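Generate the whole structure from the sequences, applying the supplied hints.
Protein chains: 2
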Amino acid sequence: MAPDSQANSQAALATAMGEAAELVEQEIDHLLPMSELTEAKLFEAMRYACLGGGKRLRPFLVLNSAGLFGVARDCAARVAAAVEFVHCYSLVHDDLPAMDDSDLRRGRPTVHKRFDEATAVLVGDGLLTLAFEVLADPATHEDPKIRCALVAALAKAAGMHGMVGGQMLDLIAETTEFDMGSTTRLQRLKTGEMIAFSCCAGAILGRASQPQAQALHNYAHDLGLAFQIADDLLDIDGDPAVTGKPVKRDAAAGKATFVSILGVERARDQARLLADQAARHLDIFDGRADMLKAVATYVVERRQ
Amino acid sequence: MAPDSQANSQAALATAMGEAAELVEQEIDHLLPMSELTEAKLFEAMRYACLGGGKRLRPFLVLNSAGLFGVARDCAARVAAAVEFVHCYSLVHDDLPAMDDSDLRRGRPTVHKRFDEATAVLVGDGLLTLAFEVLADPATHEDPKIRCALVAALAKAAGMHGMVGGQMLDLIAETTEFDMGSTTRLQRLKTGEMIAFSCCAGAILGRASQPQAQALHNYAHDLGLAFQIADDLLDIDGDPAVTGKPVKRDAAAGKATFVSILGVERARDQARLLADQAARHLDIFDGRADMLKAVATYVVERRQ
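Protein chains in written order, with the UniProt record's numbering: chain V, 1 to 304; chain H, 1 to 304.
No lab work stands behind these hints, which were simulated from the structure alone.
Given the structure is predicted, the values throughout are model-derived calculations rather than measurements.
Check the hints yourself; a few may be wrong.
Stated by the list, open to error - Here are some chain V residues pointing at chain H (derived, C-beta under 10 Å):
1. Y89
2. L104
3. H161
Unchecked claim - FRET-style restraints, in silico, Cβ to Cβ:
4. H:I284 - V:E174: 52 to 60 Å
5. H:R280 - V:S182: 53 to 61 Å
6. V:D29 - H:D116: 44 to 52 Å
Stated by the list, open to error - Here are the simulated DSS-like pairs of lysine-lysine, each with C-alpha atoms no more than 27 Å apart in a straight line:
7. V:K41 - V:K113
8. H:K113 - H:K255
9. V:K113 - V:K55
10. H:K113 - H:K41
11. V:K145 - H:K145
12. H:K55 - H:K255
13. V:K41 - H:K145
14. H:K113 - H:K55
15. V:K113 - H:K255
16. H:K113 - V:K113
17. V:K41 - V:K55
18. H:K55 - H:K41
Yeah, the Cβ is synthetic: ideal placement off N, Cα and C, and Gly gets one too.
Shown next, in the form of structure tokens:
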């Protein structure tokens, strides 16, 4: 793509991401209202974990993959919120002292710092459970077969053979030397599966044909890897004032990353290659997939 | 019931509970096999958290409520395992240092003692997610409407308006004086909702009529309260060698319990009253509900 055209599409993407983030913010606010109950602190902390921040990349992928098939925006928004609940739960648990022990997230104190550790454990548990409650609700889709498919796919992406398994690998990587293959698998499980679910959710909601579903799956695969390499690069040279989180944590923990294995230059090249490849998988959707294609560029060029 | 007849039914119950526990053990072993993957420690720790112990009360309720409607045993066993996954996840997180800080569970080191704290967080997350994966799987029931109803009901019982909400109340109860009404609500959320789900799961699987579902719901409500009062009594006068966990933890934490509010004698009377009342709700099922009626007696007379 010519530089001018790329700048234009990135500007359009920024607007679209802002609108999507606003929509998801409203949906989360609706699904997780404030409370006057004795246990209100739980709801307050769950809202703190989910509202007011984040790129909302996964919800954006849900909304835009659903958009390819003309899925009703309010249905897609519920699924987008569910994905964000799972993403935020994983961050809250990941930040715990026993895990990454992070004090800062999106430029604010993490949940266990702002509230306390016990509350943070329950916030994560509550958000994960809420995600499934939202998906199984008839308001998400009239067809129980589609609701069930969403629950099954999310559970697979988030569970022991997906994100949770990846987090376990991440713990093991602190004391074990991982090669390129193991690192790729770790990242596919830890972040790739949830990104893949976000793209495939649109295909499930929209009853995509097999080739369409496969195209989204391939896109998600390359996008997820590109995203992770870019994340590793930000851990090396990101600005904590922009990313909202500390840098050089992986290096300090002695963990293998794409950057430690490939070096900065080759890692950056690889990320761009994957982003281009991701976009090309969507050629079968013609112009309808322009936003999703632009996201691929965004994830490798972002500064946060 | 005459003492002899009660002794007989309790003996029959013990046999039936043993058989059900064996069935659930096999199902869990099947759903959560050992692994050769790099992250095998996660699966090992999940198995440690779920296998080889516990009364399996909730799975027993699932199997027997399903039995009222002639539900296929292998379908009910999957739901029973899912309920146990959620129960065990809640125990693993509850035992964490930031929560109850328990070293001992079922007479064995808790997951974070046997493994480590980070693994214990992930074990809980993985088990909770697995429960939904199992319920949404077509192997659990051919009708996606029923699978969806199970997912929705479990998410409600386990989430912020159910068990997780109850655990938050439990934390708040450490520093706030709870009266009888608040204590009842705390216990209904913390343990009652999951017991209710276990009984209602059979009604969902068996497409129960409204009066049948209501009868099971009323039974579960009274059973749950009776169970909790009995638990509070065991916390006072239980034998740690039999219960497998330390005693007098509630009193030490300064928490209001049914026993601290009612006193031992009235609490015991109340538990027996509730157990009788629970059993009577099932009269509409005639002899088919004898096991469930016997469970009501069991939960108040048990020593563990």
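Verification of the supplied hints:
With its C-beta approaching chain H no nearer than about 8 Å, Y89 (chain V) sits inside the 10 Å limit, and its interface hint holds. Hint status for L104 (chain V) relative to chain H: violated, with the closest Cβ pair at about 19 Å, above 10 Å. For H161 (chain V), the suggested interface contact is upheld, since its CB lies about 9 Å from the closest CB of chain H, less than 10 Å. In this structure the hint that I284 (chain H) and E174 (chain V) lie 52 to 60 Å apart at CB holds, the actual value being about 58 Å.
Look at R280 (chain H) against S182 (chain V): about 60 Å separates their beta carbons, and that is inside 53 to 61 Å. Checked against the hint of 44 to 52 Å, the C-beta distance between D29 (chain V) and D116 (chain H) comes to roughly 37 Å, which is inconsistent with it. Of the pairs offered as hints, the one joining K41 (chain V) and K113 (chain V) holds, with about 14 Å between alpha carbons and a cut-off of 27 Å not exceeded. At roughly 25 Å between alpha-carbon atoms, K113 (chain H) and K255 (chain H) fall within 27 Å of each other, so this suggested pair holds.
Annotation: proposed proximity of K113 (chain V) to K55 (chain V) holds, straight-line Cα distance about 22 Å (limit 27 Å). Among the hinted pairs, K113 (chain H) with K41 (chain H) is consistent with the structure: their alpha-carbon atoms are about 14 Å apart, no more than 27 Å. Restraint check for K145 (chain V) and K145 (chain H): the C-alpha separation of about 7 Å stays at or below 27 Å, so the hint holds. Distance hint between K55 (chain H) and K255 (chain H) is fulfilled; the C-alpha atoms sit about 25 Å from each other, no more than 27 Å.
Between K41 (chain V) and K145 (chain H) the CA atoms are separated by roughly 34 Å; this puts the pair beyond 27 Å, and the hint is violated. At most 27 Å may separate the alpha-carbon atoms for a hinted pair to count; K113 (chain H) and K55 (chain H) meet this at roughly 22 Å. Distance restraint check for K113 (chain V) and K255 (chain H): the Cα-Cα separation of roughly 25 Å lies within the 27 Å cut-off, and the hinted pair is therefore satisfied. Distance restraint check for K113 (chain H) and K113 (chain V): the Cα-Cα separation of roughly 24 Å lies within the 27 Å cut-off, and the hinted pair is therefore satisfied.
For the given pair, K41 (chain V) sits about 25 Å from K55 (chain V) by alpha-carbon distance, which is consistent with the 27 Å threshold. Pair hint K55 (chain H) plus K41 (chain H) holds up; C-alpha atoms about 25 Å apart against a cutoff of 27 Å.
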